[in-house]
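*Asks:* Given the structure of chain C, go ahead and fit chain W onto it with the hints provided.
Number of protein chains: 2
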Amino acid sequence: MNHIIHCKCVKCGRTYAPAADITICECGGILDVIYDYESIKTRFNKEVLARRDDPTMWRYRELLPIEEDTVPTGLQVGMSPLYEAQKIAEDLGVKRLYIKDDGVNPTASLKDRASAMAVTKAIEAGYDTIACSSTGNAASSLAGNAAKAGLKTYIFVPSRAPKGKIAQLMMFGANLTAVDGSYEETFELSKAAIDKYGWYNRNAAINPYLSEGKKTVAHEICEQLDFNAPDFVAVSVGDGCTIAGVYKGLYDMYRVGLIDRIPRIISVQAQGCCPINTAVMNGEDWRPQEENTYADSIAVGVPRNPDKAINAIKDSDGICVNVTDDEIREAQKYLAKNAGVFGEPAGVTATAGLMKLSREGKLPHDTTIVSIVTGNGLKDIDSAIRSVGEPIHCGNDLAEFEEKFGL
Amino acid sequence: MNHIIHCKCVKCGRTYAPAADITICECGGILDVIYDYESIKTRFNKEVLARRDDPTMWRYRELLPIEEDTVPTGLQVGMSPLYEAQKIAEDLGVKRLYIKDDGVNPTASLKDRASAMAVTKAIEAGYDTIACSSTGNAASSLAGNAAKAGLKTYIFVPSRAPKGKIAQLMMFGANLTAVDGSYEETFELSKAAIDKYGWYNRNAAINPYLSEGKKTVAHEICEQLDFNAPDFVAVSVGDGCTIAGVYKGLYDMYRVGLIDRIPRIISVQAQGCCPINTAVMNGEDWRPQEENTYADSIAVGVPRNPDKAINAIKDSDGICVNVTDDEIREAQKYLAKNAGVFGEPAGVTATAGLMKLSREGKLPHDTTIVSIVTGNGLKDIDSAIRSVGEPIHCGNDLAEFEEKFGL
Numbered sequence: 001m002n003h004i005i006h007c008k009c010v011k012c013g014r015t016y017a018p019a020a021d022i023t024i025c026e027c028g029g030i031l032d033v034i035y036d037y038e039s040i041k042t043r044f045n046k047e048v049l050a051r052r053d054d055p056t057m058w059r060y061r062e063l064l065p066i067e068e069d070t071v072p073t074g075l076q077v078g079m080s081p082l083y084e085a086q087k088i089a090e091d092l093g094v095k096r097l098y099i100k101d102d103g104v105n106p107t108a109s110l111k112d113r114a115s116a117m118a119v120t121k122a123i124e125a126g127y128d129t130i131a132c133s134s135t136g137n138a139a140s141s142l143a144g145n146a147a148k149a150g151l152k153t154y155i156f157v158p159s160r161a162p163k164g165k166i167a168q169l170m171m172f173g174a175n176l177t178a179v180d181g182s183y184e185e186t187f188e189l190s191k192a193a194i195d196k197y198g199w200y201n202r203n204a205a206i207n208p209y210l211s212e213g214k215k216t217v218a219h220e221i222c223e224q225l226d227f228n229a230p231d232f233v234a235v236s237v238g239d240g241c242t243i244a245g246v247y248k249g250l251y252d253m254y255r256v257g258l259i260d261r262i263p264r265i266i267s268v269q270a271q272g273c274c275p276i277n278t279a280v281m282n283g284e285d286w287r288p289q290e291e292n293t294y295a296d297s298i299a300v301g302v303p304r305n306p307d308k309a310i311n312a313i314k315d316s317d318g319i320c321v322n323v324t325d326d327e328i329r330e331a332q333k334y335l336a337k338n339a340g341v342f343g344e345p346a347g348v349t350a351t352a353g354l355m356k357l358s359r360e361g362k363l364p365h366d367t368t369i370v371s372i373v374t375g376n377g378l379k380d381i382d383s384a385i386r387s388v389g390e391p392i393h394c395g396n397d398l399a400e401f402e403e404k405f406g407l
Numbered sequence: 001m002n003h004i005i006h007c008k009c010v011k012c013g014r015t016y017a018p019a020a021d022i023t024i025c026e027c028g029g030i031l032d033v034i035y036d037y038e039s040i041k042t043r044f045n046k047e048v049l050a051r052r053d054d055p056t057m058w059r060y061r062e063l064l065p066i067e068e069d070t071v072p073t074g075l076q077v078g079m080s081p082l083y084e085a086q087k088i089a090e091d092l093g094v095k096r097l098y099i100k101d102d103g104v105n106p107t108a109s110l111k112d113r114a115s116a117m118a119v120t121k122a123i124e125a126g127y128d129t130i131a132c133s134s135t136g137n138a139a140s141s142l143a144g145n146a147a148k149a150g151l152k153t154y155i156f157v158p159s160r161a162p163k164g165k166i167a168q169l170m171m172f173g174a175n176l177t178a179v180d181g182s183y184e185e186t187f188e189l190s191k192a193a194i195d196k197y198g199w200y201n202r203n204a205a206i207n208p209y210l211s212e213g214k215k216t217v218a219h220e221i222c223e224q225l226d227f228n229a230p231d232f233v234a235v236s237v238g239d240g241c242t243i244a245g246v247y248k249g250l251y252d253m254y255r256v257g258l259i260d261r262i263p264r265i266i267s268v269q270a271q272g273c274c275p276i277n278t279a280v281m282n283g284e285d286w287r288p289q290e291e292n293t294y295a296d297s298i299a300v301g302v303p304r305n306p307d308k309a310i311n312a313i314k315d316s317d318g319i320c321v322n323v324t325d326d327e328i329r330e331a332q333k334y335l336a337k338n339a340g341v342f343g344e345p346a347g348v349t350a351t352a353g354l355m356k357l358s359r360e361g362k363l364p365h366d367t368t369i370v371s372i373v374t375g376n377g378l379k380d381i382d383s384a385i386r387s388v389g390e391p392i393h394c395g396n397d398l399a400e401f402e403e404k405f406g407l
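Going down the list, the protein sequences come from chains C and W. Take 1 as the starting number for the first sequence in UniProt numbering and just add one per residue. Take 1 as the starting number for the second sequence in UniProt numbering and just add one per residue.
Among the hints, erroneous ones may be present.
If several chains are the same, the list does not tell them apart, and a pair holds so long as it fits within one copy or across any two.
As the list claims (entries may be wrong) - Quick list of in silico lysine-lysine cross-link-like pairs, DSSO-like style, CA-CA up to 27 Å:
no., residue 1, residue 2
1, K356, K314
2, K165, K152
3, K95, K152
4, K165, K404
5, K196, K337
6, K196, K314
7, K87, K152
8, K87, K165
9, K152, K404
10, K333, K163
11, K191, K404
12, K337, K404
13, K333, K165
14, K362, K87
If you are wondering where the hints come from, they were derived from the structure by calculation, not from laboratory data.
Okay, chain C solo, but in the shape it has when bound (with noise of 0.2 Å):
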């Protein structure tokens, strides 16, 4: 991987061989991969781009940390729809409104961008085994393309977490174990097991190519945009790896002169969890909180990745915003409506917190904005049935009919 300088770890600055299997730093901190740009630029351009068929996120790969003779075995990920919502964009009273809809990947949220990436390292290092501890959708996209190619998978989740989660796991053929216990029981049984077994370790604390995965949305972004970069990318924030993959991808095009200037990052947490923002905002260490939001994708009370999050919110001269419950489900409903996209609550949470600022004034008029849709609404059905309340009933009777819609 010669356009690889090294890992660098965002904590102390040591630096590391680009190993397929690296995990942490001595220190602890997380690793940061660092390209060579100026080589990379000489053979990755739009032309080069626009040449290219691939339509997943391995069509970005010499900005990828992947052999050149690896070939990507798992699900067909990335290339998402970018909407323009013209309806939005006039409420908000912005100049153009996007919507990024990562809820229609393979197994429906956009952590598939990063598993699909560790299922690659696992192989491309020789595993046969792939472990992750996880309660939704890194356990979901991990056993989903790890079943498409053909590897093993032991996931650990705390054996609270939804049914329906687990259900897909389970179709997915993942050797599950649910841990009758925290879910720091269950990290700590997985990397008990992981250090026993020597399996490939998908923990996003640990990994540090699976932010590398998820910055491929942001490439995509500047690539359906024509390379017209954004004022502003609004994302949902819970373990911080989503919104530093964001980050990462839009330095990525910048450096490569692909765009002209990173957009600044909106993070938006959720009021009763959000400890990234917290920290951002008061200017001071992060510290950990409760979990208060139905969100469950961004109820990360102890973030496993607050140090690349904070460094994206702030190298990009972002924004943040805490939004409450009825705030995310008001904005399900909305984007639903307004856009036709179905997002699950942690998913539009960033619109959430776009429509906050809004109402505070707070969203300069003359701007582009995109919004990422983390994951499916029917990833989360029961609450959506709980927003939506009964539909209107009627009999086979034409008055009726009318009378109720007001015809």
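*Replies:* Below, chain W without anything else, positioned relative to chain C:
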């Protein structure tokens, strides 16, 4: 639309001009859209397609019933992945087996192809409201595509419809009526309202353009296989519109010279509800049946498109096979585990049929087969939970974990 000769009744042969809001023949028969293939051939070929970077079903617009200047405004539908599944090919004892995963469409089913077409035709004809009666994927795909395009929808479902599907519909802002009565009564009320208010009609039994949208799944299969026609295409069959579309798409590609023969279609129905297969197998007219299958999307005892469906099987020298609900459940787990594709029960029924034919020694070995997955497993998570059973529970104890997994 000078690439269309006329619309022709499949029952009596009477022809009509292809108006955007045409419905059925005077005799009650459904219409088929007849193209001028000789003219289309002169401007539509492999090279034209290779240069086209539209990643949606509209890339085949020369073969679609839309005006030359029409710009579709629904969701980004189509160009779903076609995965080669070597392990499944080996298990089935065939040369090559491909899975076409249509569950990754925007509202998670193949029905998006029909709804995107309906929305486009409604706008062409100047309508601002579109209506249908349905219990499932047709309704949610209409609601989503119409929301994106800014059309109003009136959707009628029987009040017994699954709550999850109702929630998805309501999210998209559909004017939803839950009719306290049978499906027949629901259909009657929708018809009365559509007749009175003149809304665009997206009922599959009525609108000849819907299977023209669905047929793009077959166009894509041909293009994704580099125009080497497979020997068989397997598809699950309920009301008959999807299999009719699949045949039409293959026929199109044959008539414009992009494939050299029409693949044989394998029609798979649930044993508890198989009026179309029964008619073909017994060489008699179709008769209504009970709806005894848990695969709700194909539980259609009175199919709405029996003529086109039966013709598709006969004209392609097709094969009929019926599967039990247990065989569908087995196929769902097998497909997710071995291909990484999690389909809804009706969505995996085609694969269940292939497994059965293979077990019975009826699948020729030296063949290439495509199996279409018509909907995402997340659409029916309750069935999935019942199928996979309980996960293995464990404390935070490595020895206990090892014992339970035999490590």
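*Asks:* I'd like to know which numbered hints this structure contradicts. Please list them from smallest to largest.
*Replies:* 6
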